[in-house]
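Residue numbers (the numbering used here), protein chains in the order written: chain P, 141 to 445; chain H, 1216 to 1492; chain B, 9 to 449.
Read the hints as simulated data drawn from the structure, not as lab findings. In this text, a Cβ means the ideal position worked out from N, Cα and C, and glycines have one as well. Any given hint could be a false lead.
[Said to hold, decoys possible] Pulled a few chain B residues facing chain H out of the computed Cβ check, cut under 10 Å:
hint : residue
1    : Asp315
2    : Val317
3    : Ile324
4    : Asn325
5    : Pro429
6    : Phe432
[Unchecked claim] Some chain B residues close to chain H (C-beta under 10 Å, calculated; not the full set):
hint : residue
7    : Val296
8    : Ile305
9    : Glu310
10   : Arg313
11   : Ala318
12   : Cys319
13   : Thr326
14   : Val431
15   : Glu434
16   : Gln437
17   : Ser440
18   : Leu443
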Amino acid sequence: MDYFAQQLINGLVLGSIYGLIAIGYTMVYGIVGMINFAHGDIFMIGGFIALITFLILVSFGLTAIPLILLVVLLVSMAITALYGWTVERIAYRPLRHSFRLAPMLSAIGMSFVLTNFSQVSQGARVKPVPPIITGGHTLHEGADGFVVQLSNIQIIVVITTVVLLALFTWLVSRTRLGRDMRACEQDQTMAALLGVDVDRTISMTFVIGAALAAVAGMMYLLYYGLVDFFMGFVAGIKAFTAAVLGGIGSLPGAMLGGLLIGLIETLWSAYFSVEYKDVAAFSILIVVLIFLPTGLLGRPEVEKV
Amino acid sequence: MSEAPILSVDKLSMRFGGIVAVNELSFSAARRSITALIGPNGAGKTTVFNCITGFYKPTSGAMQLTHDDGKTIRLERLNDFRISKQAKVARTFQNIRLFPGMTALENLMVAQHNALMLASGLTFLGLIGAPSWRAAEARAIDLAQVWLKRIGLLERADDAAGNLPYGDQRRLEIARAMCTEPALLCLDEPAAGLNARESAALSELLLSIRSEQGTSILLIEHDMSVVMEISDHVVVMDHGVKIAEGTPQHVRDDPKVIAAYLGADEQEAIAVMESGT
Amino acid sequence: MSAPLPASAPASRAPGAALIFKNAAISALVALVLFSLMIGVRTEAGPDGQLTYWTRFGELATVVALVFGGSIIVELLRQWWGPASETKIIPPSVQNGLAVAGRWIGPVLLVFAILIPVIFYNERYLLDLSILVLTYVMLGWGLNVVVGLAGLLDLGYVAFYAVGAYSYALLATNFGLSFWICLPLAGILAAFCGVLLGFPVLRLRGDYLAIVTLAFGEIIRLVLINWQSLTGGPNGVTGIPRPTLFGIPLTPADDGLAALLRIEFSPTHRIVFLFYLILALALITNWVTIRLRRLPIGRAWEALREDEVACRALGINTTTTKLTAFATGAMFGGFAGAFFATRQGFISPESFTFHESALVLAIVVLGGMGSQLGVVLAAIAMIGGFELFRGLDQYRMLVFGLAMVLLMIWRPRGLIGHRAPTVFLEKNQAISSDLVKEGHG
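Assemble the whole structure, with the sequences as input and the hints as a guide.
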């Protein structure tokens, strides 16, 4: 039971990271109807930028951990958001009203570019960082000596996720930008006629998605203590799985899906085999799509004849 | 030959969540005749069509199709492509659904898919170019040519369907449905968007399909001149229920019908009344 | 699909020098922020595992300057060209010429391909490259059935390639079966996998199908890595038998082909044999596909791509139609995989990554969906280009990715933007790709 509780905690933390990435997928899909294949790599870039910022701050002799974390968070969000904006501007905007496969291939190309860019500019080797946030709380000590731990970093990951999710939900439901986004999601032409700047709204969607992916990248760095240039691919597919599982286009769905995927992956690793954890995650995707094509919280699609 | 109605719909209901689109609708369509289904917008006509042609599974009710040889088929038990393949019900769509990137001829060839599939020995005979396949293909092209000629599009056989003018596309869609050699042809607003001359040509085509092929036709139409001119029997729907049926003259004078149209859409009501004068 | 929104292009058609500079400065500023940390700072784990960094402001300045200069040049080029329309890049006369030449390009390419081993007998590298290109042509033709004809987006095509390769490798190494027995088996097994995957997922549409096939491709790869007892795991399968000329080995042995023909043995014999083998396989793929297009099944595939609802209304069983497309494409992938295994003599999961699927898909889409000739041209361009940039070494994928983006922006409809009808009465006229649908499932 204790072992299970521990896995539950680990799974929720991993799931929070997936959920943050998944929001980027779900938003972009909702508004432009394409899978942003480069989004996983945006997450990876976010992790790298967090790592570099962190190194620089530490080398300047900064020791106040909360301050470091805040600066790292803001810098990586800002720069990664610009990556998101640039990718949309270069690779997707020219193809907005084109043939459906063209933006998808353009996105795949962009994903290759980002992966390789990071490989070339920062080297292919894994970058480890020493644990930045240490310590934790013992929740329960079992009779057999097994300890259920909740580490500080896990607390930070979950709190950050919850705060950002709340902020973001507010942004989409209460602000002008959020209203524009929902309008563009429904009907871009009509939104444009009613004075919504569609280009800008779509750009902002990419910017926000990238900023959240940067947060996920930073959390990943803090939690696992390493980044590498290839981590975006698998994390990206899993986050997309999460977005689909939750119901694509739905923000709470993306978060829910992320948590579920995180839990499934952790529990599968804990009880079955670590080697097949990705197989499990991908199989879940297939099974979900077959039996629940609109996801858990997605709107059912009525076929128009 | 059976003289039972080709189609009899019995207490058909269709609900979408809490919305009742069709409520216990019963009517029948006589063999080798043209039955029109009319009613104001949102009356549930297309939903009835979608139930008959297998795109929706009705919530309740029965739809029985009787072929010329007396064989009966319960349409609500078939779905999807089987309605066309086994029950021989063909349809067209309110917004034309041709294969725009294929030529007019190809569109008509696709319609003969099931027959050609058998002739090509499920592809294997066709792959080796067996003579029996070649003959079947030539016959299929002949049939397509016959229909192209009837709709006046023989010269445009090799043009992409998407390049044809709107009225031609409407007729091509009917020809494509006829190439499946149906027992019942369901047309969803075939005259929509046609000018007076094209509407007249359409009426002529439908009458000739009934008389020459002996195909029964079920038709949704807003263009009252077409309905009044060619229908043998008219069923009027409003809010998912049948409010009247009978001959065109009978229906036209029915106060309930006029009220339904007046309540729904003034223009259509005027059209109903004008077509009677 | 035409752009329903007013484009912002007309306003910026002929910006003045000041505006060009301003835009370039903005681009440079964006580049500066983007690259400040990623290029300006280099991190590396030191010998003790401690992460260190050093700055590279020189490189950063160079890149930013390149972006600044580049955006000015691009803007000037754009003004010089005028609006980058189709007719501007390729004048109509040339396009018509191409359409006429199109009838000749195919046969000319075929004759050239047949003569390659004769012309380049002593150019081992070119022969190897030609074999590689032909392998991708075959894969492209196989995937073209699924994506180009049936309009089903398959991002996991490499899975079937892998199934074919491992089928041959394992059957040959474990049971000693010959290549010629294994080849059809590999195709059948791959087709079987196609049906297995296709059956549950084919009712999904568009992007969902894409992501499920991608997941399937990854599952196959992960299983290959982890099922060590069967597949040898990451180490792969070694010692895969080389193909024989219907039983006659291409070795210097006494019963080898060289000895039988009483000619001097040369390792090139095998290369030439492999070349003709893949050429034959690719041509069979092409022939079968062209035949299938003119059969009801092929027309149903294309009709499915055009409008699935209409297909159902015409009594076409869309599920089996999709399945046959999937299985046919998978079968060709399986053949290509078996060839790959016998050519390499060694296979490992590393050869079957998502990158391969993306490459083959790029070949199909760049070629022009559904165009057989387009696939050949795209395969030559992509694989040839990829080889040209071999000198760039680590930057190769960067250039490749950028090329993919730029090619898509340049020609979203692919190189050959016409569809040839499968049957005609009077005149066989190509159909503009603007009318041809791309499929939804």
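>> Given a cut of 10 Å on the nearest C-beta pair, is the interface hint for Ser440/B held or broken against chain H?
In response: Holds. Min distance 7 Å.
>> Can you verify the interface hint for Gln437/B: is its Cβ closer than 10 Å to any Cβ in chain H?
In response: Hint holds; Gln437/B Cβ to chain H Cβ min 6 Å, cut 10 Å.
> Would the hint on Ile305/B stand, with a C-beta cut-off of 10 Å toward chain H?
Replying inline: For Ile305/B, the interface hint holds, since the closest Cβ of chain H sits about 5 Å away, which is under 10 Å.
> Should the interface hint for Val296/B be scored as holding, given a Cβ-Cβ cut-off of 10 Å against chain H?
Replying inline: 7 Å, holds
> For the hint on Val431/B, does the least C-beta distance to chain H fall short of 10 Å?
Replying inline: Cβ of Val431/B sits 6 Å from chain H, so the hint holds.
> Hey, does the Ala318/B contact hint survive, CB to chain H under 10 Å?
Replying inline: 4 Å, holds
> Does the nearest C-beta of chain H fall within a distance shorter than 10 Å of the C-beta of Phe432/B?
Replying inline: It holds, given that the least Cβ distance between Phe432/B and chain H is near 5 Å, below 10 Å.
> Is the interface hint for Thr326/B satisfied, with its Cβ closer than 10 Å to some Cβ of chain H?
Replying inline: 7 Å, holds
> Does Glu434/B meet its interface restraint, that is, does its C-beta lie within less than 10 Å of any C-beta in chain H?
Replying inline: 6 Å, holds
> Given Leu443/B was flagged as interface, is its beta-carbon under 10 Å from a beta-carbon of chain H?
Replying inline: 4 Å, holds
> Would the hint on Asn325/B stand, with a C-beta cut-off of 10 Å toward chain H?
Replying inline: 5 Å, holds
>> Quick check on Ile324/B please, does its C-beta sit within 10 Å of some C-beta on chain H?
In response: This interface hint holds because 5 Å falls under the 10 Å limit.
When the structure is compared with the earlier hints, no violation turns up for any of them.
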